[in-house]
Amino acid sequence: MSAILEPLSSVCLLLGSFLLLTGALGFLRFADFYARLHACGVTETLATALIILGLMLQATDSALPQFKLLLILLFVLFSSPTASHALAKAAWNAGVRPRDRRGRRDIALPPGDR
Amino acid sequence: MDVLSYFNYWAVVVLMMLGFFIVIARANLVKKLIGLNIFQTSVFILYISAGKVIGGSAPILSDDVTLYSNPLPHVLILTAIVVGIATTSVGLALVIRIHAAYGSVNQNDILKQDQQC
Amino acid sequence: MLSHIALLPVLLPLIGAPACAILRRPVFAWGFASSVAALAFLSAAILLKLTFEHGVIHYSLGGWAAPWGIEYRVDLLNALVLLLVSGIATTVLVASRTSVWHDIAENRRGLFYVACLLCLAGMLGIAATGDAFNLFVFLEISSLSTYALVACGRDRRALLAAFNYLVMGTIGATFILIGIGFVYMLTGTLNMTDLAQRLPGLGESRTVFAAYAFIVVGVCLKLALFPLHLWLPGAYTHAPAIVTAFLAATSTKVALYVLIRFSFSVFHLESSRLALSLEAVFITLGIVAVFAGSLVAIFADNLKRGLAWSSIAQVGYMTIGIGIGTAAGLQASLIHLFNHALMKGTLFLALAAIAIQVGGNEFSKLRGIGRRMPWSCAAFTVAGISLIGIPGTAGFVSKWYLVTAALAGEQWFLVLLIVAGSLLTAVYIWRFVEIAWLDSAPEKATGGDGEAPSVLLAATLMLALANIYFGFDTRLQVSASGGAAAALLGEAAQ
Amino acid sequence: MELLVNIVLLILLVATAGALVVVRGLLASTMLTSVYGLLCASFFVTMDAVDVAFTEAAVGAGVSPLLLLLTVAAIGRGEPRPVGALPVLAIVLVPVTAALLIIGTLDMPPFGSPDAPAHTHVAPRYLQLSGEEIGIPNVVTSVLASYRAFDTLGEVLVIFTAGVAVLLILATPGQRGSARPRYVPDNHRDPHTILQIVSRILIPFILLFALYVQFHGEYGPGGGFQAGVIFASAIILYGLLYGLPTVCRVVRPAVVEWLSAVGVLIFGITGVFAMLSGRPFLDYSVFADDPVTAQHIGILVVELGVGITVASVITVIYYAFANQFETAES
Chain A
1 MSAILEPLSS VCLLLGSFLL LTGALGFLRF ADFYARLHAC GVTETLATAL
51 IILGLMLQAT DSALPQFKLL LILLFVLFSS PTASHALAKA AWNAGVRPRD
101 RRGRRDIALP PGDR
Chain B
1 MDVLSYFNYW AVVVLMMLGF FIVIARANLV KKLIGLNIFQ TSVFILYISA
51 GKVIGGSAPI LSDDVTLYSN PLPHVLILTA IVVGIATTSV GLALVIRIHA
101 AYGSVNQNDI LKQDQQC
Chain C
1 MLSHIALLPV LLPLIGAPAC AILRRPVFAW GFASSVAALA FLSAAILLKL
51 TFEHGVIHYS LGGWAAPWGI EYRVDLLNAL VLLLVSGIAT TVLVASRTSV
101 WHDIAENRRG LFYVACLLCL AGMLGIAATG DAFNLFVFLE ISSLSTYALV
151 ACGRDRRALL AAFNYLVMGT IGATFILIGI GFVYMLTGTL NMTDLAQRLP
201 GLGESRTVFA AYAFIVVGVC LKLALFPLHL WLPGAYTHAP AIVTAFLAAT
251 STKVALYVLI RFSFSVFHLE SSRLALSLEA VFITLGIVAV FAGSLVAIFA
301 DNLKRGLAWS SIAQVGYMTI GIGIGTAAGL QASLIHLFNH ALMKGTLFLA
351 LAAIAIQVGG NEFSKLRGIG RRMPWSCAAF TVAGISLIGI PGTAGFVSKW
401 YLVTAALAGE QWFLVLLIVA GSLLTAVYIW RFVEIAWLDS APEKATGGDG
451 EAPSVLLAAT LMLALANIYF GFDTRLQVSA SGGAAAALLG EAAQ
Chain D
1 MELLVNIVLL ILLVATAGAL VVVRGLLAST MLTSVYGLLC ASFFVTMDAV
51 DVAFTEAAVG AGVSPLLLLL TVAAIGRGEP RPVGALPVLA IVLVPVTAAL
101 LIIGTLDMPP FGSPDAPAHT HVAPRYLQLS GEEIGIPNVV TSVLASYRAF
151 DTLGEVLVIF TAGVAVLLIL ATPGQRGSAR PRYVPDNHRD PHTILQIVSR
201 ILIPFILLFA LYVQFHGEYG PGGGFQAGVI FASAIILYGL LYGLPTVCRV
251 VRPAVVEWLS AVGVLIFGIT GVFAMLSGRP FLDYSVFADD PVTAQHIGIL
301 VVELGVGITV ASVITVIYYA FANQFETAES
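Protein chains in written order, with UniProt numbering: chain A, 1 to 114; chain B, 1 to 117; chain C, 1 to 494; chain D, 1 to 330.
Hints were generated in silico from the structure; no laboratory data involved. Don't take every hint at face value.
Taking lysine to aspartate or glutamate pairs in the EDC-like style, the calculated list, with each CA pair at most 20 Å apart, reads [unchecked claim]:
#1 C:Lys365 <-> C:Glu451
#2 C:Lys49 <-> C:Asp473
#3 C:Lys365 <-> C:Glu279
#4 C:Lys365 <-> C:Glu434
#5 B:Lys112 <-> C:Asp473
#6 A:Lys68 <-> D:Glu218
One chain only, chain A, in its complex shape (with noise of 0.2 Å):
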């Protein structure tokens, strides 16, 4: 049973830090707002389910860790997308615009927008 849910674990573990790994390089890399924002907010989702369904498969022998595990789960899975819309809307309604790496407009804005 273990022999195969211990490395099943493992790779969750390590999958989801990496994925966390690349979010925080393209936080740090990318042109502009939007784009930093669409590298955290996307992995992070992905990659905190993967980190608790690792810690998930660490804790068999009792139910109530699971469950405390799954109810987090849920949390984050409705809390972070919303979290990176609000952000991004936020952003977009206090005037930041996309822009390329040298600053120039990425998009094609709505008339009326400078």
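Fit chains B, C and D to the known structure of chain A by using the hints.
Then chains B, C and D, alone, in the frame of chain A:
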């Protein structure tokens, strides 16, 4: 090992001094409160470090644990955290009123305005 | 109920404050707060009587024995401070109505009295507890409510004064917390008696030294001892008149109590090697405080600000008493603590009355005020004479004991300096007397005229009379402070 | 391994504090404060202080950044300024204090040693006897709500004082301390539809979690204070998304103000009960014949008082701050 056994305390000293520096050196009143917050939190870290026993576990009684960390500093710091947030909220309330009265939250500007009148 | 007497002075305002918050009408809040303070005063009086008769009274909160639970340990010193603080609070709160109605907006008055009760509960809690951490908690209750009370001042400068007080007060409290943390790490206990027994066993530990240093600096910030006094003039000048009267008469006194309690009961200042240098520090800072405070007070153009600086000077006298380091010096310090509360209570209450009539305390507004408000100004003058230390007033008793203690310690220069300090006091009190009584009133009287409202006037006169009474009948403060000083040094000698 | 995590967290804390020294903008400072609080909470977990970590996460990473944000919203972010004169006072005072602190640490018992006086004098009794005397597994709750319950009463009074002080400072003329609800998010131009729907799903669960934390505090980390903060956070979330008038209609300011006093009174009167039967203040043994049951009842009631006061005071403070925000706007 000797350095490691005092590492926590010295980290506390560094944090405390950074907070203290912000309180004294920054003219912005909100910044001062943030510095005060760091200053207080560093003391919490001191207390909690003092309560740790290496190899111990959280002080929640259980049959298969023999060594616990010290619960008393935890209780004290719970109280101190509440004191900290209470101070912060009163300070921020004062900042809002000061901004309404002077139009600025910079200590130097405010003192200048007071001298003029 | 008598078995709970040690707790009652603290418990009454502590439960009274939230109860007061439920009352909706400000008049009820005023009546309720005053009666709670009066009951606390009554129980403090009984407590003092009991400590005279039976010595130390212990009270274990929650039924858990010290050092595991929190203990109230009330000896003569605690009882004296409790009596003083609750007595001043009662007088000021009863007298406060007109002044508060004048200074505070209608929708804030109820909350104002809640904050007053919280402040009172905090100070009484500091004075009664025998547990170092509990002291910190109650210190914060009193400090937080004080910041809000100071910010209630009419002038916008009150806000900045309150903010500065908040920052410095929090630094002070955090320093005290660091000190308590250090001694906790060394001894494992927070109970003051237990600490006092365990600290000597540690020998000359550098951590104990640092702990004491942090606590002293923290307490001196609250005490406004000379270089750490920066928050005081602004806070006292711009706070509502009633708040200044209350704070000036109580908060520095409680801080001084904490300094004495930690120095002598917990750390055994005089039996340690550090004693000599620290005593020199206290005396030097005390002298500088006396002269700096008095000089600024002489040149202030606002009487309230002048008296605030005078408070800094008077704190100097008290620390000189501690610095002398003998039982007589300590006793002098405690007597001055008691008497100074009476003087500053009277002075600031009289100023509150004047502020209602003329709308401020600037000297320019006070010309000829003695003719218009003879009784308030008479009370002010009596307290001023007491502040100088002329025989027949309580202030003379303080100075007398201080000079005697200095002479017994063969510190002749101190005597000279104390007398010189009194002369400086005479200068700024004379300035008031001259303007109030000898100047003719301005042609066009500013503001309303006539005497202060009767309740306020009665309270002011009562405190002024107390200044004279305790100048003749010195039994209460002398015997209580003598017993307390002996106990403090006796404990340490064991 | 534990030690390594400890060291890394402390270094991160120092880095965050250093960033706070350098950063000038208030919004960035607020975010860094939140990061600092979260790091602190993680550090407390590695130090076995789970209750403290819970509280610090709620307060340091939650409430205090929220209050900072509301303040920044009311006063504006403030433009970065050029560095002024050299802060002489700071350069003198900071090293002196640091030196004193370092001197203080020299004779301290080494970190984590089980023989340190703090672990051998008073605390062992709590660990050894609280199982029999109080009968609940979480020793921190035992000490907090029974052995040192008076400190906790003081703590509740501190938070109550904060509520009174904030109302006293921020009360606008013409009303009795209560918030006058004005803030409405601009829903026509920019509807918060997604946020509102998600929050509508989450809020019941947040409230449920608050209740769990309130009543589970005897067995695991948690208790009245943490539960109060979580409860208040649900109300605040609702207020942020639906506007102050809506939330004030659901949770009336006057009621919240009243409740903040009631919580303290519940705690205080629990203590007075014992006095009426001739026992010391806050002695719970009067509540039942069996001492352990009596302690249970006492702790439950007292924690309830803490929870009510904390939840209502934080809501009161939020109302007062959010109201200022709109006053500054208009």
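Hint check results:
The suggested pairing of Lys365 of chain C with Glu451 of chain C holds, with an alpha-carbon distance near 16 Å, which does not exceed 20 Å. A C-alpha spacing of about 17 Å is found between Lys49 of chain C and Asp473 of chain C, which places the hinted pair at or below 20 Å, so the restraint holds. In summary, the hint linking Lys365 of chain C to Glu279 of chain C is not supported, as the alpha carbons are separated by about 43 Å, beyond the 20 Å threshold. The suggested pairing of Lys365 of chain C with Glu434 of chain C holds, with an alpha-carbon distance near 13 Å, which does not exceed 20 Å.
With a CA separation close to 51 Å, the supplied pair Lys112 of chain B and Asp473 of chain C exceeds the 20 Å bound. Proposed proximity of Lys68 of chain A and Glu218 of chain D is supported: the alpha carbons are some 18 Å apart, at most 20 Å.
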